[in-house]
Structures are given as structure tokens and as C-alpha cells.
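Visitor: Given the coordinates of chain A, assemble chain B with the ligand onto it according to the supplied hints.
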Amino acid sequence: MPALHITNPISEQDLLKLRAGDRVLLNGTIYTARDAAHKRMAESLQKGEALPFDIAGQTIYYVGPTPAKPGQVIGSAGPTTSGRMDKYTPALLDLGLKGMIGKGYRSEEVIESMKKNQAVYFAAIGGSGALIAKSIKSMEVMAYGDLGPEAIYKLTIKDFPAVVIIDSEGNDWYKIGKQQFQEQTRNVEKFSSRISE
Amino acid sequence: MCREANFELGQDVVEAFQSALKKETSETGKDILEQLILNADIARSERVPMCQDTGVSVFIVEVGQDCHIAGGSIYDAINEGVKKGYEEGYLRHSIVDHPITREKSKGYNTPSIIHIELVPGDELVIHMSAKGGGSENMSALKMLKPADGLEGIKDYILSIVAQAGPNACPPLVVGVGIGGNFERCAYLAKKSLFRPIGHRSDRPEISELETELMEKINQLGIGPQGMGGNTTALDVKIEIEPCHIAALPVAVNLNCHASRHKEVRI
Ligand code: SF4
Numbered sequence: 034m035p036a037l038h039i040t041n042p043i044s045e046q047d048l049l050k051l052r053a054g055d056r057v058l059l060n061g062t063i064y065t066a067r068d069a070a071h072k073r074m075a076e077s078l079q080k081g082e083a084l085p086f087d088i089a090g091q092t093i094y095y096v097g098p099t100p101a102k103p104g105q106v107i108g109s110a111g112p113t114t115s116g117r118m119d120k121y122t123p124a125l126l127d128l129g130l131k132g133m134i135g136k137g138y139r140s141e142e143v144i145e146s147m148k149k150n151q152a153v154y155f156a157a158i159g160g161s162g163a164l165i166a167k168s169i170k171s172m173e174v175m176a177y178g179d180l181g182p183e184a185i186y187k188l189t190i191k192d193f194p195a196v197v198i199i200d201s202e203g204n205d206w207y208k209i210g211k212q213q214f215q216e217q218t219r220n221v222e223k224f225s226s227r228i229s230e
Numbered sequence: 674m675c676r677e678a679n680f681e682l683g684q685d686v687v688e689a690f691q692s693a694l695k696k697e698t699s700e701t702g703k704d705i706l707e708q709l710i711l712n713a714d715i716a717r718s719e720r721v722p723m724c725q726d727t728g729v730s731v732f733i734v735e736v737g738q739d740c741h742i743a744g745g746s747i748y749d750a751i752n753e754g755v756k757k758g759y760e761e762g763y764l765r766h767s768i769v770d771h772p773i774t775r776e777k778s779k780g781y782n783t784p785s786i787i788h789i790e791l792v793p794g795d796e797l798v799i800h801m802s803a804k805g806g807g808s809e810n811m812s813a814l815k816m817l818k819p820a821d822g823l824e825g826i827k828d829y830i831l832s833i834v835a836q837a838g839p840n841a842c843p844p845l846v847v848g849v850g851i852g853g854n855f856e857r858c859a860y861l862a863k864k865s866l867f868r869p870i871g872h873r874s875d876r877p878e879i880s881e882l883e884t885e886l887m888e889k890i891n892q893l894g895i896g897p898q899g900m901g902g903n904t905t906a907l908d909v910k911i912e913i914e915p916c917h918i919a920a921l922p923v924a925v926n927l928n929c930h931a932s933r934h935k936e937v938r939i
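Those protein sequences? They're chains A and B, same order as listed. Residue numbers for the first sequence follow my numbering, beginning at 34 and rising by one. Residue numbers for the second sequence follow my numbering, beginning at 674 and rising by one.
Simulated from the structure, these hints should not be mistaken for lab results. Incorrect hints may appear among the rest.
Distance condition first, Cα-Cα at most 20 Å in a straight line; then the derived EDC-like pairs of lysine to aspartate or glutamate [to be verified]:
#	chain 1	residue 1	chain 2	residue 2
1	A	102	B	735
2	A	191	A	47
3	B	935	B	714
4	B	696	A	127
5	A	102	B	704
6	A	167	B	681
7	A	170	B	719
8	A	208	A	127
9	B	779	A	142
10	B	703	A	55
11	A	102	B	760
12	B	777	A	68
13	B	779	B	760
14	A	80	A	47
15	A	208	A	145
16	A	167	B	714
17	B	703	A	87
18	B	777	A	205
19	A	120	A	205
20	A	80	A	68
21	B	779	B	790
22	A	208	B	770
23	A	72	B	770
24	A	102	B	761
Excised from the complex, chain A in its bound form (with noise of 0.2 Å):
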């Protein structure tokens, strides 16, 4: 199946027509945060501050990039692990952030904070930094400068190639698509018990 093209900030209809497994191009405006801007971000909240910028029908990437050489626009960008910021997800998703991109699961908590307010979950190929960067069109700080790499960015991007994870349904990729190849099952859930996460 070729791949969808969706421009972001999502419209409603492109939100709720994509599918756990589907390949996409992304385009449009994004946002990256990652650990210590998402930190800051619930700091602002408890306090009853605003956010930086308004979130509501935006999409975050969850990344670090690597400072641009001279002549480029970003350094490498792949996406960093998202598990880390699920403590802050739904709280950012009830006040409407649509989209995320990053890389590797999501909490049950956030699955269900997404399928309650509508959002996708998208994940970009980790380890591919610096074929993203090629997609990579503008890049401008919007909020935490002094953060350097983790400050909050805004990015105009053409064609950014990711697949949905999670859909507005709850539907999880990492899950269906691991069952369509799997062959060794034994004892694996033996062990995994005994080890914390």
C-alpha cells in the first residue's frame, strides 16, 4: 500500500481515518520536545501557567538532534525512545495535542488517555537521523532555548516518512504486526514476569 500523505497540525478526518500499520508522509508544522522540555512543560502546568506555545490540535516529535554543521538546517533527528515521556502524555493530550512521533511503546494509561481525546501515534524509524534530516525543511526555537538539543523547536517538514502505531482506536501496531511473524513463543512470557520494568 503506498504511503498517506497528512499535513499536520491533523485535520479531524485524517485523524480518525488512519490505521495502526499504515505508512505516511508527514508534512506541515511540528513541534519536538523530549525529556526535560516535557519536565518543564508539567512544572508550567502545576503551577497553572500556560505552555509555551498552544498545543491543542499539534503534533510533538520526541527528539534530541545533533548540532547542525554550517549550511544545514538540523543535525541528525530520529526519534528517542517515547516511554520516557508517558508520565507527561496525558496531561498534554487532554488539553489536545492531536499527533506524537517517536519510537518504541506506550503505557496503558496513554493508549487510553489517547482513545479518549482522539489522537495518532506515529513512529519514525530509530536510527534513521540522518535520512530524517533530509526532510527537515525549517527549524525555529520556539520556548527553553538554553536547553539546547532538548529546547522545544518548531519544524516545517516535507515527506517525513513514519508509520501510525497507536490509532484514534487504540489500535496497536507493535502488537498486531509481531503476531503476523511470530513463530517462537516458548517460555518467553516465563521470565518476563520476574523482571520489573
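Guide: Leaving out everything else, chain B with the ligand in the frame of chain A:
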């Protein structure tokens, strides 16, 4: 060295991608492998890091016991080199000085992790790896019981890979340490990752175990980036050492496909 490790993916990894591409049956999986090959090409030709996580630099330095290092500390010399290489190469500074307060380190991407081994001879061999955080975070160690035996070891390794799923950026290189003691076992797992992809252990029974585990891991269905497929691991490496009669430590150190290693011999 640091720059090269981050710009030029080793030929062993590129070849592993290519042979995986031939065997992969998932469409998304193939697509991802193709993009990873393209990504490595861009990084190499434009001299940019293949991944934005340019890692912690981990060194294993083999110092010949007849070799004399003059003019200062070898630890300082290595850290100076890393600082310079990372800063001037536009690589990311990803080290915090304090694990709890999370205060950023003042030395650009240093201190490094440096292991020194004393060996016979008069050579100095420096092995460097730029180790990503995503895959390191999904690594684990467990003190198994001797009664768990070989089957227990296999199940434990499979469970760690299954649990890591997409988070460690598969396709992975799985490094395993068996034996030694608590800290030695973790070091063995790390050390095994310095062996090039495709190189099996010299011990026949371990080499067989590596091949068997590789097959089993690829039957887990996780696939490239955890999106389903039969390329979950590019290789499995195992190092073993003697241990206490009551112990069976097993460590699994996962490495992502951005398996970046360089070596210099002086
Ligand atoms: S796990 Fe490896 S490939 Fe993935 S983001 Fe980290 S360094 Fe890059």
C-alpha cells in the same frame, strides 16, 4: 575515531542489512531496512552522524605489559580526544555529570567509559564504541540459578529481547555474558559486542548456541523497528567465563543496528 564511528557504519553492519533484506518477508520491514541502508549512505557521504544519539563513548584499551605510556594519564588523553572529536564533529553532547540532579557535564560528551586490560606484548590497542542509550536502557542482568541450566539461559535471553521490542531500535546485535560474577558478567556482555558481526565464538558449543539463539530471536516476530518481521537480530555474541559453584550470572547487553565500532593499534 569518534567522528568516523558515527559517520561510517561498519561494512559488517551494512552487509548484515543487505543479507537481512533478502530474507525479510514483511513489506514494512523491507522498507525500513532499505531506509537504514540509505541512511548509512547519507551519513557516510555527507559526513553526518547516522543517528542523533551519538552515544556514550565506551573504550576497551588493551595495554601490552611491555608498553610504557609516557607524558600523562591515558584516561585524560582519551577524554580529551573524545571531547574534541565530538565537539568539532557536531556530534551530540549526551552526558550528565550527576545521575540524580541530571546536571549536564562540562566536558563535551565526557567522561567516557574506559576499560583497561593488561595483555602480553608491547602493543596498545584502543577499541572504541559509540553506544546508544535506547538499546542500553533495555539491557539487563540476572543471577540465574545453576539449576536453570542452558534452557533457563536461553529463555532469559529471549525474554529480554522480547521485552525490549521496538525500544532498542531493532534489528539488534545481542551481546551476552555468561559466568564470571555480577560485574564481570556485564562487562563480558559489553565486550562481546566489540566482535564484528558474523564472527562466531571460537568455542564450538558457544558458536552453536549463538546460531541457535539468533534463529530463535528472529522467530519472535518483532522485526525491524518492532513493526513485525523476521529480522529482529543481526547477530548474537556470547562470551563466557568460569564462575562460582552456586552462581549462573547472565547479562544481556543490547545494541541497536547503529553498531558503531572503531579500532586503532599503536
Ligand atoms: S537505540 Fe541506537 S539507533 Fe536507536 S536512537 Fe539510540 S543510538 Fe540511535
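Visitor: Each hint: holds or not?
Guide: Structure-based check of all given hints:
| no. | hint | in the structure |
| --- | --- | --- |
| 1 | A:102 with B:735 | 34 Å, violated |
| 2 | A:191 with A:47 | 17 Å, holds |
| 3 | B:935 with B:714 | 18 Å, holds |
| 4 | B:696 with A:127 | 43 Å, violated |
| 5 | A:102 with B:704 | 28 Å, violated |
| 6 | A:167 with B:681 | 18 Å, holds |
| 7 | A:170 with B:719 | 17 Å, holds |
| 8 | A:208 with A:127 | 25 Å, violated |
| 9 | B:779 with A:142 | 37 Å, violated |
| 10 | B:703 with A:55 | 15 Å, holds |
| 11 | A:102 with B:760 | 11 Å, holds |
| 12 | B:777 with A:68 | 14 Å, holds |
| 13 | B:779 with B:760 | 12 Å, holds |
| 14 | A:80 with A:47 | 34 Å, violated |
| 15 | A:208 with A:145 | 16 Å, holds |
| 16 | A:167 with B:714 | 13 Å, holds |
| 17 | B:703 with A:87 | 38 Å, violated |
| 18 | B:777 with A:205 | 36 Å, violated |
| 19 | A:120 with A:205 | 19 Å, holds |
| 20 | A:80 with A:68 | 19 Å, holds |
| 21 | B:779 with B:790 | 28 Å, violated |
| 22 | A:208 with B:770 | 37 Å, violated |
| 23 | A:72 with B:770 | 19 Å, holds |
| 24 | A:102 with B:761 | 10 Å, holds |
The structure is inconsistent with the numbered hints 1, 4, 5, 8, 9, 14, 17, 18, 21 and 22, although it conforms to all the rest.
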